[in-house]
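J.: The chain contents come next:
2 protein chains.
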Amino acid sequence: MSGDLLPGELHGSLADPLLDAMTFLNEVTERYPDALSFAPGRPHEGFFETDQVAKHLEVYLDHLRGRGLTEAQVRTALFQYGPTKGIIGDLIARTLANDEGLTVEPASVVVTVGAQEGMLLVLRALCAGPQDVLLVSSPCYVGVTGAARLLDIATVPVPEGDSVALAAIAGRLRAEGRRPRALYVVPDFANPSGTSLPTSVREELLAVAGQQDLLVLEDDPYGFFSRTGERRPTLKALDRDRRVVHLGSFAKTCFPGARLGYLIADQVVRAPDGSTTLLADQLAKLKSMTTVNTPALSQAVIGGLLIAHDFRLREANAGAVAHYAAGLDRLLAELERHFPAAERERLGVGWNEPEGGYFTVLTVPFTADTAAMERCAAQYGVLWTPMADFYPDGGGEHRLRLSISALTADQITDGVARLADFVRAEAGA
Amino acid sequence: MSGDLLPGELHGSLADPLLDAMTFLNEVTERYPDALSFAPGRPHEGFFETDQVAKHLEVYLDHLRGRGLTEAQVRTALFQYGPTKGIIGDLIARTLANDEGLTVEPASVVVTVGAQEGMLLVLRALCAGPQDVLLVSSPCYVGVTGAARLLDIATVPVPEGDSVALAAIAGRLRAEGRRPRALYVVPDFANPSGTSLPTSVREELLAVAGQQDLLVLEDDPYGFFSRTGERRPTLKALDRDRRVVHLGSFAKTCFPGARLGYLIADQVVRAPDGSTTLLADQLAKLKSMTTVNTPALSQAVIGGLLIAHDFRLREANAGAVAHYAAGLDRLLAELERHFPAAERERLGVGWNEPEGGYFTVLTVPFTADTAAMERCAAQYGVLWTPMADFYPDGGGEHRLRLSISALTADQITDGVARLADFVRAEAGA
Chain A
1 MSGDLLPGEL HGSLADPLLD AMTFLNEVTE RYPDALSFAP GRPHEGFFET
51 DQVAKHLEVY LDHLRGRGLT EAQVRTALFQ YGPTKGIIGD LIARTLANDE
101 GLTVEPASVV VTVGAQEGML LVLRALCAGP QDVLLVSSPC YVGVTGAARL
151 LDIATVPVPE GDSVALAAIA GRLRAEGRRP RALYVVPDFA NPSGTSLPTS
201 VREELLAVAG QQDLLVLEDD PYGFFSRTGE RRPTLKALDR DRRVVHLGSF
251 AKTCFPGARL GYLIADQVVR APDGSTTLLA DQLAKLKSMT TVNTPALSQA
301 VIGGLLIAHD FRLREANAGA VAHYAAGLDR LLAELERHFP AAERERLGVG
351 WNEPEGGYFT VLTVPFTADT AAMERCAAQY GVLWTPMADF YPDGGGEHRL
401 RLSISALTAD QITDGVARLA DFVRAEAGA
Chain B
1 MSGDLLPGEL HGSLADPLLD AMTFLNEVTE RYPDALSFAP GRPHEGFFET
51 DQVAKHLEVY LDHLRGRGLT EAQVRTALFQ YGPTKGIIGD LIARTLANDE
101 GLTVEPASVV VTVGAQEGML LVLRALCAGP QDVLLVSSPC YVGVTGAARL
151 LDIATVPVPE GDSVALAAIA GRLRAEGRRP RALYVVPDFA NPSGTSLPTS
201 VREELLAVAG QQDLLVLEDD PYGFFSRTGE RRPTLKALDR DRRVVHLGSF
251 AKTCFPGARL GYLIADQVVR APDGSTTLLA DQLAKLKSMT TVNTPALSQA
301 VIGGLLIAHD FRLREANAGA VAHYAAGLDR LLAELERHFP AAERERLGVG
351 WNEPEGGYFT VLTVPFTADT AAMERCAAQY GVLWTPMADF YPDGGGEHRL
401 RLSISALTAD QITDGVARLA DFVRAEAGA
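Residue numbers (our numbering), protein chains in the order written: chain A, 1 to 429; chain B, 1 to 429.
Note that these hints are calculated values from the structure, not bench results.
Watch out, some of these pointers could steer you wrong.
For lysine to aspartate or glutamate, the following EDC-like pairs were computed, each having C-alpha atoms within a straight-line distance of at most 16 Å [claimed, not checked]: (1) A:K55 with B:D310; (2) B:K55 with A:E58; (3) A:K55 with A:D310; (4) B:K55 with A:D310; (5) B:K55 with B:E426; (6) A:K55 with B:E204.
Covered stretches of chain B, as calculated for chain A (at least 3 residues, CB under 8 Å) [to be verified]: (7) 117-127; (8) 147-157.
We put the CB at the ideal spot given by N, CA and C, even for glycine.
Please construct the entire structure, taking both the sequences and the accompanying hints into account.
T.: Laid out in structure tokens, this is it:
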């Protein structure tokens with residue numbers, strides 16, 4: 001590579017080892033394209049058909065015509081700049097009523113470029129100065145810690161689902177003169193842990209949030225994908241005091257290539273001019289400085305998909321729910337087969353049994369770092385994700401994340417066999 | 001609005017009076033839907049047809065098939081997460097070669113959610129600490145000053161196109177222990193001023209950037225729309241030392257509803273691990289924390305449009321170029337008709353004569369603020385944009401911005417007549 005080096009340091013978020021780890025993992029994945037991959041968090045592709053895009057788009061445009069828009073107005077909606085909050089907030093609200101039993105005012109919805117942009121907007125609005133802190137479940141999804149780094153916002157980890165620790169940590173921070181503003185949590189089948197919070201824990205977290213003047217940022221991309229059939233209320237459904245900002249995504253329930261997410265922010269805030277507004281309105285102002293609008297094209301295609309499924313995305317995902325449940329079942333059965341109780345005791349191997357979603361955590365008797373992952377890819381043809389990168393304060397060195405989302409049941413069987421060979425070899429067994 | 005107020009202040013960027021001014025202008029525009037509007041910066045809609053979307057999408061998918069992708073790989077490209085830099089960097093590079101004579105390595109292209117996201121990424125990467133400063137042309141597009149506010153980055157205005165002032169201001173900042181990192185500039189038919197920089201000034205700005213160790217952020221959304229037929233090289237085309245990060249947008253040359261932009265960042269930087277990489281690669285890492293990916297859907301539709309026009313977007317925009325040129329010609333002719341030389345001397349009225357683009361600045365003998373704008377909307381049925389909000393250090397109180405982009409020639413004739421009545425009334429003439 002030629003050319004003079006650009007003078008001056010770059011922003012500290014680019015020195016985050018997490019970013020380098022993610023880049024490295026992507027590179028390893030590219031270098032072993034034929035490996036069986038338990039690494040990606042991306043959805044199964046079997047439900048996608050390219051000819052659906054034009055159909056859903058037409059459904060949405062017909063919906064606009066049905067609401068009395070002229071052809072010129074339909075054209076404007078699809079092609080022009082539009083309202084910063086988006087154009088399908090009403091359709092999203094109808095879907096949430098059916099799927100989650102949530103009563104949502106469309107005015108409190110902001111359509112975003114993935115849930116990632118929603119996180120960025122909420123963190124930016126809430127954290128006004130150096131004393132402001134974001135609390136994050138640990139282990140934690142890297143998107144939110146990364147967004148905080150980008151904005152120079154300090155994060156403090158809280159053990160996942162531990163409301164007592166939450167109260168203690170928030171109290172300690174206040175005593176130090178810092179201001180904990182919000183807790184980030186994935187209540188259902190979390191990335192990376194696979195953990196689901198019992199309803200009682202959800203209530204406890206909300207109670208502590210009330211006592212400690214915290215908002216709760218609920219990120220719920222996997223909520224539909226229950227393995228057991230059990231379904232718990234979202235934190236937003238339990239929220240009686242407008243403590244919860246709900247972050248939603250259509251990446252897993254529709255498709256990632258639309259990059260469509262949304263947030264519900266029905267909190268009342270004091271605007272700089274003294275008036276009271278919805279937090280959603282303030283977040284929309286910030287959005288005008290990040291992406292201006294979420295693409296109308298993506299909104300139209302997903303909007304058409306919602307209409308075509310009568311605003312019932314949960315039912316539309318019945319096939320996906322069954323697919324992921326079968327994958328998790330297979331993963332857990334194969335782990336059990338290769339590591340029966342006595343064997344896993346002897347080796348120091350273990351795993352959790354998630355109630356749904358994409359992810360299971362495997363504990364191994366060696367350091368499960370990127371070097372180990374690369375050995376596993378090169379010699380056994382299997383990819384996975386080291387867990388250590390997900391712990392903001394360290395930990396997880398002997399853990400790895402297994403995702404079943406991109407594999408068939410037969411691939412899972414094959415992959416676990418290879419993985420078992422790798423684990424035994426690394427353990428010297 | 002009920003509910004307890006959310007405790008704690010919000011981020012300072014939400015107190016920016018600019019945001020409130022923009023919100024107010026949007027509200028006024030909505031309250032006077034039948035007014036003739038010289039306010040919007042959005043493109044003319046006459047060239048859009050909704051049935052083009054599915055056609056362009058199919059052209060792109062066929063292009064992938066023609067490159068040997070299987071149907072499953074085509075599906076993945078459209079529906080899944082993809083490379084952070086985007087999937088049509090190569091198509092954009094081919095188009096820039098034809099349209100701008102630029103030789104661009106696809107590896108230095110990052111496809112973004114509008115040029116706005118590109119600005120945010122570049123500002124974030126370059127400004128690492130409180131001593132880092134962004135220099136901005138004054139008057140300045142509000143998107144870049146807003147992005148800087150969101151990131152708590154200080155901006156310092158430099159008179160538009162003034163390379164001597166640029167050198168003096170950068171030198172003064174360095175003497176104060178601050179570090180000017182980059183200059184933001186719109187070289188062609190700028191928003192809001194309508195100004196174009198002569199080629200000699202472009203060369204001077206680049207020379208000063210070299211002397212002062214600055215990058216130049218070149219934002220060029222209006223470059224095609226020359227009224228006179230004259231065409232100048234972009235700063236990137238004149239850039240021999242990789243000083244220029246070029247920000248591009250398809251909002252005005254294709255359509256805004258795709259929200260598709262890109263940046264070219266071929267600078268070599270030192271990564272935190274000591275290796276040298278392209279700045280584009282570092283910006284892509286940051287993008288994984290703002291929007292993860294630019295929607296593949298938008299990239300596919302615009303990619304198909306580029307292919308369908310043989311990678312010659314300038315020729316594809318011949319109709320748009322003629323339309324905007326006719327609009328500007330009409331505006332300038334009607335201003336001349338209503339305010340001939342003696343009359344404008346008497347009133348204290350004046351305007352510039354932009355060589356292209358959407359915008360002209362009118363100087364008036366009264367304060368052209370939002371209150372005046374609302375009087376004009378209510379009593380004369382004409383909308384425009386106050387200029388004062390575009391001056392980071394104050395100024396422009398007697399100026400207003402007129403955009404011809406959304407009006408027909410006849411509407412412009414009618415609008416200028418009404419505007420002239422308003423100006424005379426306000427001037428007490």
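J.: With reference to the structure, classify each hint as holding or not holding.
T.: Here is how each hint holds up against the structure:
1. A:K55 with B:D310: It is violated: about 27 Å lies between the C-alpha atoms, which goes past 16 Å.
2. B:K55 with A:E58: It holds: about 13 Å lies between the C-alpha atoms, which stays within 16 Å.
3. A:K55 with A:D310: holds (15 Å)
4. B:K55 with A:D310: violated (27 Å)
5. B:K55 with B:E426: Violated, because 51 Å separates the two Cα atoms, which is more than 16 Å.
6. A:K55 with B:E204: violated (53 Å)
7. 117-127: With 6 residues closer than 8 Å to chain A, the segment 117-127 of chain B meets the three-residue bar; holds.
8. 147-157: With 5 residues in contact (Cβ-Cβ under 8 Å with chain A), the coverage given for the segment 147-157 of chain B holds.
Checked against the numbered hints given earlier, this structure breaks hints 1, 4, 5 and 6; the rest are met.
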